[in-house]
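Chain residues, written in single-letter form:
There are 2 protein chains.
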Amino acid sequence: MSGLRVEALPGLPEIRDGDDLAALLADAATRLPDPGLRSGDVLAVAHKVVSKAEGRVRRLAGVEPAARALALANEHGKDPRLVELILAESAELVRADAGRLICRTHHGFVCANAGVDRSNAGADDLAVLLPADPDHSARALRARLGCTVVVTDSFGRAWRLGQAEVAIGLAGLAPLEDPRGTPDADGRVLVATHVAVADEAAAAADLVRTKTSREPAVRIRGLERHVLAEDGPGAAALLRSRELDLFG
Amino acid sequence: MSGLRVEALPGLPEIRDGDDLAALLADAATRLPDPGLRSGDVLAVAHKVVSKAEGRVRRLAGVEPAARALALANEHGKDPRLVELILAESAELVRADAGRLICRTHHGFVCANAGVDRSNAGADDLAVLLPADPDHSARALRARLGCTVVVTDSFGRAWRLGQAEVAIGLAGLAPLEDPRGTPDADGRVLVATHVAVADEAAAAADLVRTKTSREPAVRIRGLERHVLAEDGPGAAALLRSRELDLFG
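Respectively, the protein sequence lines represent chains A and B. With positions in the first sequence counted from 1, the corresponding number in the numbering used here is that position plus 1089. With positions in the second sequence counted from 1, the corresponding number in the numbering used here is that position plus 1089.
No lab work stands behind these hints, which were simulated from the structure alone. Even for Gly, the Cβ is constructed at its ideal location relative to N, Cα and C. Careful, some of the hints might be misleading.
[Unchecked claim] Just so you have them, the derived chain B footprint on chain A, three or more residues with Cβ under 8 Å: (1) 1138-1146; (2) 1248-1259; (3) 1293-1299; (4) 1318-1328.
[Stated by the list, open to error] Okay, the calculated beta carbon distance ranges per label pair: (5) Leu1328(A) <-> Asp1116(B): 41 to 49 Å; (6) Ser1128(A) <-> Arg1314(B): 26 to 34 Å; (7) Ala1155(A) <-> Ser1330(B): 32 to 40 Å.
Isolated chain A (complex conformation) (with noise of 0.2 Å):
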């Protein structure tokens, strides 16, 4: 028998460019029940808080939209500065619809607004953007935590209601499991099912934060079995490429 304990970190301070995250995580995690993190740990990192420490976020009043900015801010009903920034994250516009840009960013990742967010970004005119290289973020704070790190964002699905929880960033996990070539529970060979892990982490982990609170980091403990020794191929290695855009 396994079993998961999922917590959230207490406590952390509002996050600004510069702070040493790493040490903020590791103290907020000394508050826990059983403190601290250790190898075999499993850390769920909401970007927002990466983003900020890396500086990753941009006042709209310093913005100025150019023409294609301005042109679907106002088909779509949004800030033309805030549009701006989007089409700045983005290397293709996939779709825009209902007031929504669906974007994909320069990272890869298909998601709405290219995971430009005003929401909690600790101003009304300040937006934040995703972390430049959230596999590289989520690299620098394994290497001081010394437990594996997934750097988190909502995305939508398609054909489904409601946000769920993946991982944009990823160091020490495998983001894939691969029961392919073992058998079943009946001797017949599984077939074709990858477990996105990391993104079922992400999403475990966003069970106990609500958005409302400061509680960006939650700590998984009783996944060991996916824990690497390395960092591993990262998030990327879940970026699904244009043509094989296919469920299942």
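Here the structure of chain A is known, so what remains is to put chain B in place on it, guided by the hints.
Frame of chain A; chain B shown alone:
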């Protein structure tokens, strides 16, 4: 501070048509370290055992593929009898590509092979279908067990690799958390973020099972704030209509 405990129920037998699944689940729950199921607990149950108990299993040898199934099977390298079952479960074939049929089921779920699956079916020539009405299945289990029930399946995701477990049937849990209209940590009002709580719970449960083990049921403690006093709207409330098929 809040936390989750996620534990697989040990020692369920192979489930067969007509088995009293609720009784078997209740019995297995007595063998957990902190035994039993109570109001406030969330029990995630992989749909396969629900389907098996409800007789939603088909023997391939008894299936006569019609012309459309034969043509699709030939084109995509699949067993024509399996394709016949898939088409019978489908309201619409959304896409056929790379040996995989993406279908909208009669319930409205969009997933590979309309949820028809040969792995862990109990014998090599058996295929397991989705429950006929997974929300009804969940409600029936909840009435017997006295706890929230989530019936789950593994779905692929657009633009991402790997499958994540999602809720296809639900009783006693809010499928979506709607923080709209509540202020964020900075007092700014959040917009447009519905958390897919039921899907995240399904994903969390999946982390403690291996596909090769017989641990279809997982107890989650600590989700009381999302638990309802009544059955609630069910997983049907997670379906996005075709016209709104959009990320976000």
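Violated hints - listed by number, lowest first: As far as the earlier hints go, only 1 is violated by this structure.
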